[in-house]
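Line by line, the protein sequences give chains F and Y. Numbers 1 to 179, taken from our numbering, label the letters of the first sequence in order. Numbers 180 to 963, taken from our numbering, label the letters of the second sequence in order.
The reader is advised that the hints may include incorrect statements.
[Stated by the list, open to error] DEER-style ranges, computed between Cβ atoms: (1) F:A101 / Y:L438: 48 to 56 Å; (2) Y:A544 / F:A100: 34 to 42 Å; (3) Y:F532 / F:D158: 17 to 25 Å; (4) F:A117 / Y:P465: 23 to 31 Å; (5) Y:A544 / F:E118: 25 to 33 Å; (6) Y:T527 / F:A117: 45 to 53 Å; (7) Y:H877 / F:A100: 48 to 56 Å; (8) F:V44 / Y:F532: 49 to 57 Å.
[Unchecked claim] Listed below are the simulated EDC-like cross-link pairs for lysine to aspartate or glutamate, each with C-alpha atoms no more than 20 Å apart in a straight line: (9) Y:K580 / F:E102; (10) Y:K737 / F:D59; (11) Y:K591 / Y:D577; (12) Y:K591 / F:E98; (13) Y:K580 / Y:D502; (14) Y:K240 / Y:E703; (15) Y:K737 / F:D125; (16) F:K38 / F:D57; (17) Y:K580 / F:E98; (18) Y:K580 / F:E97; (19) F:K157 / Y:D529; (20) Y:K580 / F:E156; (21) Y:K806 / Y:D837; (22) Y:K445 / Y:E488; (23) Y:K580 / F:D105; (24) Y:K834 / Y:D802; (25) Y:K580 / F:D59; (26) Y:K921 / Y:D577; (27) Y:K580 / F:D94; (28) Y:K654 / Y:E703; (29) F:K157 / Y:D528; (30) F:K111 / Y:E518; (31) F:K129 / F:D57; (32) F:K38 / F:E98; (33) F:K157 / F:D125; (34) F:K129 / F:E156; (35) Y:K270 / Y:E486; (36) Y:K921 / Y:E439.
In short, the hints are calculated from the structure, not lab data. The C-beta atom is built at its ideal place from N, Cα and C for all residues, glycine as well.
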Amino acid sequence: MKNLKFIPACLLLGSLFFTACDKDNDPVNEEELITTVKLTFTEVGGGSTEFSVKDLDGDGGSAPVTDAITLKANTAYTIGVEFLDESEANHTHDITEEVAAESADHLVCFKATGALAEPTIGDVDGNGKPLGLESALATTAAGTGTFQVTLKHLPEKDAADPCSTGNTDVDVTFQVTVQ
Amino acid sequence: MKRINCLFIAMIGWLPTLVFAQKDCHAMLFGTVTEANTEETVPFAEVFIVETGQGTVTDDKGNFVFSELCEGTYTVTCQHIGCSHLSTEIKVVGETNLCFHLQHESLNLTEITVHARPIQLRSTQAERSLSGDALAATKGQTMGDLLKTLPGVTSLNTGSGIVKPVIRGMHSSRVLMLNNGVRQEGQQWGSEHAPEIDPYIADKVTVVYGANSVRYGADALGGVVLVEPRALRSEPGMGGEVNLAAFSNGRVGVASAMLEGKMKGKLPLAGRLQGTFKRGGDLHTPDYFLKNTGVKEINYSAAVGLEREHWTSEVFFSQFFTDIGVYRGSHIGNLTDLENAILVGRPTDDGAFSYEIGRPLQRVAHYLFKAKNSFETGTVGKLQVQYARQFNRRGEFDAHKRYGTLPSELDKPEMLFEITSHTLDVAWEHKSWRHFTGSIGTQGILQRNTTDRGGLIPDYNSQTAGVFWIERWRKHPFPLEFEAGVRYDVRHLNIENRGNEVIDKQLDFSNLSGTAGIVYKLSEQFDIKLHWGTAWRAPNVNELFSDGVHHGSASYEKGREDLVPERAHSTNLSFNFDNQRSFTVNFSLYRNVVNDFIYLRPAAQPVLTIRGAFPSFAYEQTDARLKGLDWSAAWKPIAAITITSGASLLRAWNKKDDEWLTLMPADRFQFGLRFSPKAKNGKAEKANAPYVKLGVEHVLEQTRLPASYPDFAPAPSAFTLFNFEAGTTLYVNPKSEIRNPKSLTLSLTIQNLFNTAYRDYLNRLRYFAHETGRNVSIRLKYSF
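Next comes chain F alone, as it looks inside the complex:
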């Protein structure tokens, strides 16, 4: 019976052994951000021009820098959309490939105001539904306007307005001059 008195002390000591297993911090995994949206306007049968939005420091900090788009009047263009991660100075990740690989889960939406008409989506996803990485646009008279590009993740492509569904991964608006 006498040695029972040691039990509380043993329990207390024993409990200290449970303390030595703290795992130290894992390195933070680097996931890719979309820092850059690049639009390539190619004149049908002519040259091409690139316009982009860049936010190299990610959310917060400096605000995104947006190019102004200048297009020729009465001209037919094809538009290519690219999403890039340029947060690392010496290495660019092309996220467009991932969007294309999971085409059924993505949709590029366009909204034009002013002098610009809305483009027609030219490509389809794995299910034959619109995707939006490639599209066509014809300008008419000169003027100004805005051009909004959004990348939707998990949109309901059968919905009446698929662009109002899903999560927005990209939402950028360019100022446009048609001259």
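With chain F fixed as given, assemble chain Y onto it according to the hints.
This is chain Y only, laid out in the frame that chain F set:
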């Protein structure tokens, strides 16, 4: 052959003096000795407690009193000239008021009847508990839903699966939770982080209102929640319990089992094993399914204890694992998505039921190890030493994986937080000295916080140390009792880095907490309590350093490094009336002034990102004043009928900006009608005698909103919900012991009886979907 009737009324005043004081030494035993035939009181009878050697003599009215007894089993003897020696064993347990009726013939005890009824808690703070039937009726739900049945307690929800208790308008790190005497160190800072505690472990849940930092540690500005498992078995033998519950909404099934025992012989170890499994699928509003709202939970615990004459020792271990799906429609990309979602206000299709839990989801694990020892220090007091280690891991999975995720990382969370805490509590409790009882103690906490994935908050270490001293004066039967205490805490934070960004800051906070309380007992039935407490809370690391987008609310949250600690002064006045028969009223008025109250305030300019615009919120400080009242009453016009009413009102004012504070619970009213045909007036109702109960809850629209900044959507309108409950005991083995009657009980509950479609202001997902619809549940409990 003289028959003697000795009537002992035992009164056990139970004071939760210490953080981990489960065994108390403030019990009191008093009563009257009467002569059986004439019912006359017997003066100068000798009453003697064998174990403690204490003895006394009844006064001229036959009354005797023993104060400052420790809880436990005692042999009490009573003798008088012309009356034979009488002896009985009494188990003195914290919350039981024992009334003995002994019939004595010659030297043999022929019959003992024990009546038990709950006693009034005599703490100077306002506090309310949930146990027995009332607790059983909530089992299978979350801890937050369970606490919501108490007056003044509401909840801050993220859907229906993530429920945080809100005590008089305060939540998260302003509410302290003590799980089995250990300060719960989870990820309390997040408003979408639910407490990591298995509700089935609780035998009793108590909410202590107002600032209560002296007893329970810094941070308790709004209140304290005490979750207590039942004490280990004191008699040798085995027993147990099996609980099954099924819910129609979400097709949830819960199974929980408990096995306990105590060995005989030289080493009388007592132990308990307990485990719970819960699985549920998508919940349903009156009109549609909420996609991805399933839940999976597996918890278990084990406890071993040894009780000797001069010391006790207990080891406890528990693990809690849960996966909670977060409603798919609540995860949004930017402000436009949020506006689109609010415009629709519900999912685009009605959906179908599924048990699948996909992204977004939360995966949480919590481990607790505790060792507690208490030693008697001679006859003057008792020393308690408790060590606890907790580990918490919280993984949050976004609605979709981020770009560039390697295939091997696909099943890993986007955010992963871990906390390891070591807590050491040492307290010495002294027995009555000139009518003073009290304790003095110290607490130390070491904590390591890491954000292993997703750099929302930085990694940091914290060290906290505190000392406290609390004393209470009580001189029975003097009607006034006083209590006062003081505490000093220091906290050091060592902030390392957030993601790959080095912060490297050292922060130090230190401050005093205090408490003072008076109980005025006008009669056995009526007491008034006045309590004042002051407490402080150091700013959380997320308030200081968070920097990032919150996808649940499409907001950009930015911390502020120059935040100073909050200081609360809370005053509570409560009136408690209980005529022990047919009428009970609890009425509390409170006022809690929090200086430098930290809250999220929208910034003028939204933050522009490549995903579009996000409303920006920054942590600001103001002086807040929260005042209100809690009312609850029960009336039995006839024995079989109980009418209950309740009300919780709160006014929360931002003093600096002269406007209301945001995210405060709206006023609510409750009404209940309970019919139990077998109940008898004046007698404690048998547990689970057949009953039916109809409850109505009416919640007003929150009209007290800040004027200077708008919400994304207006506050939802008022709603009224009806609930139905029925229960009975199907079988009781009459030969079984009192502690564990072998019995089978069944109960049926219907929440939201009329399938009302409504939204709650304090649900973060109210923008996207309605609250859940009708939920029929069946509970079966078998005790053996």
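Hints, one by one, checked against the model:
1. F:A101 / Y:L438: 48 to 56 Å: holds, 53 Å
2. Y:A544 / F:A100: 34 to 42 Å: holds, 37 Å
3. Y:F532 / F:D158: 17 to 25 Å: holds, 21 Å
4. F:A117 / Y:P465: 23 to 31 Å: violated, 44 Å
5. Y:A544 / F:E118: 25 to 33 Å: Given a distance of about 50 Å, which is not inside 25 to 33 Å, the answer is violated.
6. Y:T527 / F:A117: 45 to 53 Å: At 28 Å between Cβs, range violated.
7. Y:H877 / F:A100: 48 to 56 Å: holds, 54 Å
8. F:V44 / Y:F532: 49 to 57 Å: holds, 51 Å
9. Y:K580 / F:E102: holds, 12 Å
10. Y:K737 / F:D59: Distance of about 11 Å is within 20 Å: holds.
11. Y:K591 / Y:D577: Within the cut-off at roughly 10 Å; holds.
12. Y:K591 / F:E98: The hint holds at about 19 Å.
13. Y:K580 / Y:D502: Holds, at about 17 Å.
14. Y:K240 / Y:E703: Holds - the C-alpha atoms of E703 of chain Y and K240 of chain Y are around 18 Å apart, at most 20 Å.
15. Y:K737 / F:D125: At roughly 38 Å apart (the allowed maximum being 20 Å), D125 of chain F and K737 of chain Y break the hint.
16. F:K38 / F:D57: holds, 17 Å
17. Y:K580 / F:E98: Given that 20 Å is the threshold and the Cα spacing comes to 12 Å, the pair holds.
18. Y:K580 / F:E97: holds, 15 Å
19. F:K157 / Y:D529: holds, 17 Å
20. Y:K580 / F:E156: Satisfied, since the Cα-Cα distance of roughly 18 Å is no more than 20 Å.
21. Y:K806 / Y:D837: Distance of about 15 Å is within 20 Å: holds.
22. Y:K445 / Y:E488: holds, 13 Å
23. Y:K580 / F:D105: holds, 12 Å
24. Y:K834 / Y:D802: holds, 5 Å
25. Y:K580 / F:D59: holds, 18 Å
26. Y:K921 / Y:D577: Outside the cut-off at roughly 48 Å; violated.
27. Y:K580 / F:D94: Since the Cα atoms of K580 of chain Y and D94 of chain F sit roughly 16 Å apart, the hinted pair holds (cutoff 20 Å).
28. Y:K654 / Y:E703: holds, 15 Å
29. F:K157 / Y:D528: holds, 13 Å
30. F:K111 / Y:E518: holds, 17 Å
31. F:K129 / F:D57: The hint is violated at about 34 Å.
32. F:K38 / F:E98: holds, 15 Å
33. F:K157 / F:D125: holds, 11 Å
34. F:K129 / F:E156: holds, 11 Å
35. Y:K270 / Y:E486: Holds, at about 15 Å.
36. Y:K921 / Y:E439: holds, 14 Å
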